[in-house]
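Participant: Could you build the full structure based on these sequences and the hints that come with them?
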Amino acid sequence: MEKGHGHGNSYGMVIDLDKCTGCGTCMVACAAENNLAVRPDESDKQRSITWMRLYKVTNGKEFPHTEVCYFPRPCMQCDHHTPCVSVCPATATKMDYHTGIVSQIYTRCIGCRYCIAACPYHARTFNWWDAYFPKGKGLERYLSPEVSPRMRGVVEKCTFCHHRLMRAKNNAYAEERRELEEGEYITACTEACPAQAITFGDLKNPEHKVSELVKSRYAFRLLEKLGTEPKVYYLSTKDWVRRMADNYLPGEFKPIAKVKLG
Amino acid sequence: MDSALFPEGVKRCSPKVFLLWTLPWLCLLAWGGLSAFLCLYKGLNQTNMNDYFAFAVWIVFDLAVIALGAGAFFTGFLTYIIGKKELKDILNAAVIIGFICYSGAIAMLGIDIGQPIRGWFIFWHVNVHSMLAEVSFCITCYLGVLAIEYLPLILENRQLDKVKELRLFGHNLHGIMAVFAATGTFLSFFHQGSLGGMYGVMYARPFAFREGFYIWPWTFFLFILSAIAAGPAFTILCTKLAEKITRKKLVPEKAFQTLAKISGWLLALYMVLKITDTVNWIYGVVPRAGLAFMDFYREGPYGVWLVVAEIGIFGIIPAIILLVPKARQHEGWLITGCLLNCTGIVINRFVFTVVSLAVPVMPFDKFVSYLPTWQEWGIAFAVIGYGFLLFSLSYRYLPVFPRERELNPLSE
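These protein sequence lines map, in sequence, to chains A and P. With the working numbering applied, the first sequence has no gaps in its numbers, which climb one by one up to 262 at the end. With the working numbering applied, the second sequence has no gaps in its numbers, which climb one by one up to 1412 at the end.
There may be inaccurate statements among the hints.
As the list claims (entries may be wrong) - Below, computed lysine to aspartate or glutamate pairings styled on EDC-like, alpha-carbon distance capped at 16 Å:
#1 K1366(P) with D246(A)
#2 K169(A) with E182(A)
#3 K1042(P) with D246(A)
#4 K45(A) with D1002(P)
#5 K225(A) with E182(A)
#6 K56(A) with D1365(P)
#7 K1366(P) with D44(A)
Honestly, the hints are just simulated from the structure, not real lab data.
Facilitator: This is how it looks when you write it as structure tokens:
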């Protein structure tokens, strides 16, 4: 196979839920990086545009046995037969087989929202209003020229900060390199996470840390049974957290026995 | 005042009474017009749809009217291809109802998409794997076919008929109508199916997902079958309503009976396959997704009662009514059977659209409820207003029912 030019990459993310504190920095960093519009009143969360969303889950037990965990949920960047790409009538969303990233072409999207209906992760949001960036609050000063803002009536979603991949590639080409080093391209949420709970890299590259992490016995994906093949993995040593990631019939979930290492 | 436009030898009400009759429908249209303006000008924030309910009341209405409008292609198929000549007496009405349903649905879809100006991208940037692309292609083409089927009837207007060229054109169109009936059948087969396929292919939504044959999920075939079972029943209902309102016999009973009988058989077959599909889904798709049947009905108002209503009360019962000759020959039972039949199909489309989206898939996700805004109701009801108006105008000025004159001889 031809080497270089991003052939055969499969970018993915591993989120260690045991490290995640639920601080929400990933959400803020994502919103700032990707020019996410805001509303004067953002209380209607079902219409809020969020590419990275935090879900708070608990083990359902009474105090003092209560445990809390946060599921940061970007777009899962499903593989092969993704639920959303196949349904879009106007080819406004595509999966790039060179990078594994599911893109959204805003200027082609007709706003039918079939992709939203098909995505079980609620990773896609619709622009119910015109994009709005309050003036005089400083927000307009950090709008990124690398990311196109979205117009009313189209669907948007996490792109794994695709513009950062473009930037990293440009830098590599300027240095006459074809391959990106690990860490040259990471998403804004990965960079911002103060607990370093997020690891990003090429799942197919054995030298990248993510390719090792996904082999962990504690690694799992959201709704894995549906066959969407997400490229976002989670890590948790807690059985009840892993149990939360999918639907199980009684007796179906197999807890991982806590074996002392060494 | 407008009597010169009436079909020959039939009686119509005075312009004043007609205007009064159209007023409520004009009001519905005005309400819809205002709602459409607000949705197009201000955006879909005028609705109560959200990122959970990406599809809502408009899609339910769309799917419902497209299924109910299936009477047009199916009556055409039965008349021209199968040779049920007695249905010629009701075919015009079926075509008008179909035209109303399809044009109404397309108009509603035009408002429902976030970027209506880009609607043509479906054709330009088509994704051939998308069921919605297939739906869009087929309903657009089929609306053209319906317009061609409607056109000869318009040209039969007493004044237009006097123009020799138009008369000849209309007669020639009549002559080749079998071709359009066949085209309509082909197109309808695929878009009715693709509407079902739209839900059946959503493999990450276990409530909607169905296995199937090759690329077509079972819902593809079930939607076709349910549409051809409900379409004729809706044609019967609309014609019976026209008879009640005009206080005239417009169509010979034989046409009603033929349609009702066919509708009954198709509904019975649909019920057998629907029950088989449901059982197959309960023991196949659902447990594979780690779920049990009752998990879908844990929260919210959409309980298991919907299954009982759809299959039992609005499925098996109307099938029995329409299949028993004595029952369907009784007008009250015929209307009841047709009403239950049509309601069942509307419930089916509602379940696939709204309940599919209301049921959370992620275990930690929440059930979200939805109620339409007045703008959403306005646009949905405008289709009903438009339907009444177009059918009334057609009835007043066009020879919709070819046997009307014979069945209602004028006294003088």
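Participant: Each hint: holds or not?
Facilitator: Do the hints match the structure? See the list:
A hinted pair counts as satisfied when its Cα atoms are at most 16 Å apart, and K1366(P) with D246(A) qualifies at roughly 14 Å. Between K169(A) and E182(A) the alpha-carbon distance is near 12 Å, which keeps this suggested pair within the 16 Å criterion. Of the supplied pair hints, the one linking K1042(P) and D246(A) is violated, its CA atoms being roughly 39 Å apart against a limit of 16 Å. Annotation: proposed proximity of K45(A) to D1002(P) is violated, straight-line Cα distance about 56 Å (limit 16 Å).
Taking the CA atoms of K225(A) and E182(A), the gap is about 30 Å. The hint is violated against a cut of 16 Å. This hinted pair checks out: K56(A) and D1365(P) have alpha carbons roughly 10 Å apart, not beyond 16 Å. For the given pair, K1366(P) sits about 15 Å from D44(A) by alpha-carbon distance, which is consistent with the 16 Å threshold.
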